[in-house]
Structure formats: C-alpha cells, structure tokens
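Using the hints provided, position chain A relative to the given structure of chain Y.
So the protein sequences, as listed, match chains Y and A. Start counting the first sequence at 1; every next residue gets the next number (the working numbering). Start counting the second sequence at 1001; every next residue gets the next number (the working numbering).
What the hints contain is simulated information worked out from the structure, not anything from laboratory work. A few of these clues could be false.
To be verified - Result set (DSBU-like, lysine-lysine): computed pairs, CA atoms no more than 35 Å apart in a straight line:
id, chain 1, residue 1, chain 2, residue 2
1, Y, K137, Y, K210
2, A, K1107, Y, K69
3, Y, K137, Y, K69
4, A, K1074, A, K1107
5, A, K1324, Y, K302
6, Y, K210, Y, K292
7, A, K1324, Y, K292
8, Y, K201, Y, K302
9, Y, K292, Y, K235
10, A, K1074, A, K1324
11, Y, K201, Y, K292
12, Y, K137, Y, K302
13, Y, K210, A, K1074
14, A, K1107, Y, K201
15, Y, K302, Y, K210
16, Y, K235, Y, K137
17, A, K1074, Y, K201
18, A, K1107, A, K1324
19, Y, K302, Y, K292
20, Y, K69, Y, K235
21, Y, K210, A, K1107
Claimed, not checked - The following residues of chain A were derived to be distant from chain Y, with all beta-carbon distances above 10 Å:
id, residue
22, R1069
23, G1225
24, I1227
25, A1243
26, E1365
To be verified - Reference listing, derived: stretches of chain A covered by chain Y, where coverage requires no fewer than 3 residues with Cβ under 8 Å from a Cβ of chain Y:
id, stretch
27, 1043-1051
28, 1277-1286
29, 1321-1331
Please read these numbers as outputs of a predicted model, since none were measured by experiment. Where is the CB? At the ideal position from N, CA and C, for every residue including glycine.
Each chain, written out:
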Amino acid sequence: MQSGLMNTYEHPVSNRSWVAWALSALLFGAYVLLYFGPVPALGLRFDLLQRAAEALGAALSLPAVLRSKWILYGTVYTLAMIAGGAFFLRRHGNTPYQRLRTASVVGVQVVFAFLLPIVLQVFGHQEYYFTYFWPLKIEYFYPSVILAHPFLIVFWSFLGSLVAFPLLAYFLGKRFYCSWVCGCGGLANTFGEPFRHLSSKSTRAWSIEKVSIHGVLAAAVVTTAVVSLNWAVGKQHPAFAGFAFRVQEGYGFAIGAMFSGVLGVGLYPLMGTRVWCRFGCPMAALLGLAQKLGRFRIRVKKDMCIACGNCSTYCEMGIDVRAYAMANQSFTRASCVGCGLCAHVCPRGVLRLENRPVRWKAGQPIRVDAVDL
Amino acid sequence: MHYAILGNGVAGMEAALALRARDASGRITLVSDEHDHFFSRPALMYVFAGQTSLRDTEPYDRGLYDRMRFERRKGRVGSLDAAGRALVFEDGSRLAYDKLLLAVGSKGRPAPWPGSAGPGLHCFVTLRDLEGLDREANRGSRAAVLGGGLIGVEVAEVLHDRGLRVSFVIRESWYFPAALDRNESALVAEHLRARGVDVRLGATVDEVVRGDGGRIRAIRLAGGGEIEADLAVSTIGVVPNTAFLAGSAVQLAASGAVETDDALRSTAPGVWAAGDCANVTWFDASRRPEQLWYTARDQGRVAARSMLGDDVAYRRGTWYNSAKFFDLEWTTAGRVPAAVGPDGNPVPAPEGERIWYQRVPGRLESQRIVVERDRVVGFNMLGSRWNQEPLLDWIHERRPLDFVLAHLGEAQFDEELSPRFRVHAGAEVA
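Here chain Y stands alone, though its shape is the one from the complex:
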C-alpha cells in the first residue's frame, strides 16, 4: 500500500466536505481580489491585496518595485509549493523519480519564476519568466513585448515555443514541462496533492476536455494573430484596432485570469488539481499533440492488473488508466502529464512510464499501441 494515502477519503479537506467548499471559496476570493483589484460590486472600493503588499513592503523596508501584490502573490505561491512539496515527498518520496521531479519543479519555481524576476526588477530590468513560453504566456509573442526585450530573450522565447519544446515533448513526453518545470503543474503536484483524486474519470469529462483544451489553443493562436496584425495595420484601421483590443482583453480576462487563475486553482478542492492543465492550458494542448505522435508512453505489464483502481483514482488528469491496464494495453494519452503517480501507487507494479520501446529479445521491439478506449 502507498502509505500516506491512507484516509484520503475520510479527510474533510480531501472529500468535498464543507471544509473543501470553504477552502474553494477562499481561493476563489483571493484570486478575484488579485486579478480584479477593487471590486465595487462587492463593496470593496480599494485594492485590498495591493494595500497589504505595500504595508508589508514598508514594514520590511523592501525596495519600492517589490511592494506589489504580484510579488506578494509570487511569495505565497512559492511558499505553498515548498510546503506542498514537502507534503508530497512525505507521501511519495520513496522513489528517485518522484524525488527528482519534485525537486525540479519546486527548484524551477524558486529560481526562475520567483527569484530571477525579482532580481531583474530590483536591478531595473523588465521582469521576465524564463520558464514560461507562448502560448501559455501568450504575450511573449505579442510584437510590443518582443520589441521591449533584448534579442537573446526573444530568441530564447521563440526557440522554446516553436522548436525545443515540441521536440522535447516528442522524445520525453510533455511531462518534461508539465511535471518537471511548469509552475501551474508544480502547484498542482505539491500544494494540490490532497486533491488529485477528485478529477473526473468519466468519458464525458474526456470528451469535454478534448474540445475545450484545443479550443483554447485555437483561441490563443487567433488572439496572437489578431494582436500582431493590429500592431502592423492598427494605426491605419481604427475599427480593427478596437476589435483587436477587445480580443486581447477578452482572452486575458477569460483565459488568463478566470480560467487559469480563479477557476484553475479555486476548483482544486472540488474538481482536482489540474482543471486548468486538463481543460484549458494551450501549452499542454500543443505539447500533448507532440506527445501523442512521440515516444512517451505508459507501458502495461501483461496480465498482472487486479483492477483495484488506484491508478485511475490518483490520476490528476482523469485518465482511466485501469481500463488500459486491464486490457493489457500500453498507451499514450495526449493529456498525460507524466507525474508518474499511476505507476507509483500501483500495488502490483503493472505500469511504467517510458520514452522508447524497450527491446528484450534481439530484434523484437514491443509493439507500441496507442488506443482509443
């Protein structure tokens, strides 16, 4: 048994009890305040978090650029990941894969998504997140943002989005990013650990997911195109400029703030940790396509599955892993972020994450089956 998962279903935080609903409401509230500042509709006429950040910054004598609610948010986010990472390792830290993965995703957050942007700002540079790329960070392909950064950073950004990441996803699976680097996935796999089993395993959720995540990817591409076109011809066509502004703002509100932030994290205690990664993230959609064509797969050991369902239960992406395991079917699913928990919690060692066909007899590679169950 995976000691540590004990009582998951009895714990009020983890079983959609009123505690979970209250926690969800708290997260919703915090994200609404963060993204939408003063909320007059709720009688809040000032930016609560910004005021808190300023007061805190003053108390700690921080430089003025750091007295921002976004710095405060980054600090809380990073601390949540460190604490959640320790919690995760207590549960699952008994294999090198889980230890290294957790160290990587937390380390990347601390260095590249927290400290480095702060250092840049303290030294008067524009903040930049070296581990976020278009289309997740959609503005990194906006012409105005490209022009505002040095060539090397722009090169890094294009190299990552268009060449390196699809190739890495082809060879290693999208896990190299979603479970080892990305801060969104990182929060899910650390702070979100008590909620991973709440993802829906239904085929209906799967069919919704396929439409919604690729829909967001399409929206990201269209938005980027419209914004770029506006940069080129907006001055001559004020009507188009107005339209482009609404598209850009609309994407920022609906996808950037509402979906990835408010819903993505707010729904942790009710719908599991990867709501954004599964249903919304355009980066996950893009890397998922490369993964589906690539070499990553979950290999199933033949005729050893006892159908206990631990793999499906603890799949944060809602993949019914057991269905493949029972069918002796190795598989690649575009949505799989390769966290490895299915293999980790399997009491019969039936599953194994792999990047390439293993040969165990000369000249006889195992058939790679990608099935649609």
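Chain A only, in chain Y's frame:
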C-alpha cells in the same frame, strides 16, 4: 437461452461479458448478495484504509449492466435444484436457468481455535467482513492478525495504518514459507518490524481468550504465552463458498471446491464453475482451486466459451504472481519450491537444484533464481519491480543462469531513475 451466473466477481463478470459478446439475445442474470456492482476484491484493503472509495474499485462504469442487458438479482441462494435447473433462494423463491455458472468465490476459512466463536473475531475476504471489522477497528485498540499469508500482511498493514497496535501471529518459523525462503522472509519481517508491527514467528494459537461479556481479551499461544488483544482477524486462508451445494448433484472435492473437467463443467448437467470455487488441474497435476485474480478472469472467459458450446479446455500457464508486503514489492515466476511444507516440516530440495541469491547491499531488496539441471526454472524478486513476461520467456526457453543474469536488467520494471539491477559482490549460488 437463460444464462444464470451465481457470483458478481471477476469470474462471473468476465463470463457474462464473454457470453454477451457472442450471444446478443440470450438472457443473462448475475446473482449476488454482496454488492450491486462488480468491484475488485483485492482492492478491498484500500477501501478499508480510506485510500480509495468502494466506487473507485468498480472496474466498469455503472451503465455497463444496462448496456449489456445484464439482469441482476440480489439475494442469497440457499440451494441448487440441479434436476429442476433452478436456483433456490433462502426466501424460497426460485430462478430457473438453462445454463448456470457457479462463480461463488471464497470465504474466510473458519477459525479452528477454541474461543473463536463470538464477537471480535473477523475475516477479511468479503464486503461484509470489512464492514464488521471497520466497526470495531478503533485507533489505539490491540489487534491480533492470526495467520501469515498474503491476506494476513494486508490486514496487518491496514490495521497498523489505522493506528491499532498490531501483533502478526505466524505459526511457521518464518513468514510465508510457501513462497519465501528464510532470507526473504527475514527481509520482510525486518521491514514490518521497522514499521512497528509486532511480528511473532513460530507462534501457534492455542485459544482465543475471552473476558467480560464474551469480548476477546487475549490470544493464548501454545507453550503458554499470551498476546493481549481487543480483536482478532483470522487470515489462515480461504475456502470455497460452496456449503449450499452440499447434497446437490454438483460433486465437491474434500476442500469444498466444485470438481470440474477441462472445459470447467461440473458433474451436474448444465452447470459450470469458474474462479476461486472451481477445482482445476495445476501444472504439477494436483487438483486445487486457483485463488488468483487473473486466473479467475481467464476461467470465467473459458467457462463462457464452454457454455456457448465451444470445444475448449482451460490450461493453466506457468505460475506467476505479485504482491506487496507493506512497501516491499514482490514478484514471483515459475517454480520456486517451498522450503517448508504445509505441515511445517522442511521440504528437501529437488535433485540438481541450485539457488542463485543476492541481497542488494543497503536496500531491502533481494533476487533469488532457481536453477535446475543448469536451466533457470523460477524467480523470486523482493523489493523491486519485475516484468514477469520476459522471466517466463526465459523459463520456457530453458535459458541457463549466465544468460539470465546477463539479461535480467531488461526485465526490471521499476520507475525510471531507480537503481538498475546488477550482480553484487555477495551474490552466491547454493
């Protein structure tokens, strides 16, 4: 055509699915008194531990019964009227069938000790067993797990994790001698003791001692010692759940298992048996039930084909299995002879048998390879994960030890980045 399937476990469900795949119009009725839905019995320990919900252990979505037009009948069957081709329920009602599959599985072997009868003594096989144990297993209580097999270690684990003080009472001088040798068992015992389980080896239960109001007070051991206990779980194996067939036309073995032929037909016309309750022929020609998930599944499928009239024979392949002793993984494949027989006496090693063994330094991990006349015939792997398919291939290909050792790493199935298999300095052949 009306197929009745008695039992909603893996053998019954797989038979029902196989019947429906071939017979779109036949009436198929699944009879059970345990649960309305097919669930994974080996997963019950995780349900008990709160690691999964009972719903999570249902392998198929609940729409399956409707989609497959499986009728369900909830109730307990009291007897079989084989001549009248009907199941007779305890309430007196009858269910007529044309063909019947007995897939009734096992129940816990009745505890044989004086004082066993009464409250506080549990089994850990059926949903009802779990519910009963769940009500009494309170944090801080003292539990005695009586019997050192695979169910015993599962019960010890879930009770220990719930916060009970667990004594694991094992009759033999080491844990699980049917499958583990002295070295391997010592490794498991070391792991269990490190986790806080009181492992008692060579401890024969004499009596379940009851105190005020008939409540369990202690377990008395042969030789006089006592283990204080508030409750006990008997894990001395399972027996076929076939008491209701006594006196029917279905012939039972002494163990209670339904005697079947190669096509899984019982001795009564129109009655088949599959899974834990069926007596089948093993590779060593002995007649026993196979109490495994995958064999129950395979037997269900074969029984369905047999019921459909195919000329089919159930053939058992080379033995393999896997389990987990707390956090310790275990994979076995092929012939790994027990060093101690069921009677507790040492079994002499067969002529020409050698054992290659290594304990991996610094880790709770070992590998044992059984060699017979220079051919590898069996594997016992503890503390790491192995794919049994190549292991079985090498056995079937009659590979020598040096070939197997050179290729063994290819069969390792641990998570990526785990330490790779290699031959360590202390490895020995005995």
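Tell me, in ascending order, the numbers of any earlier hints that this structure violates. 2, 9, 12, 13, 21 and 28
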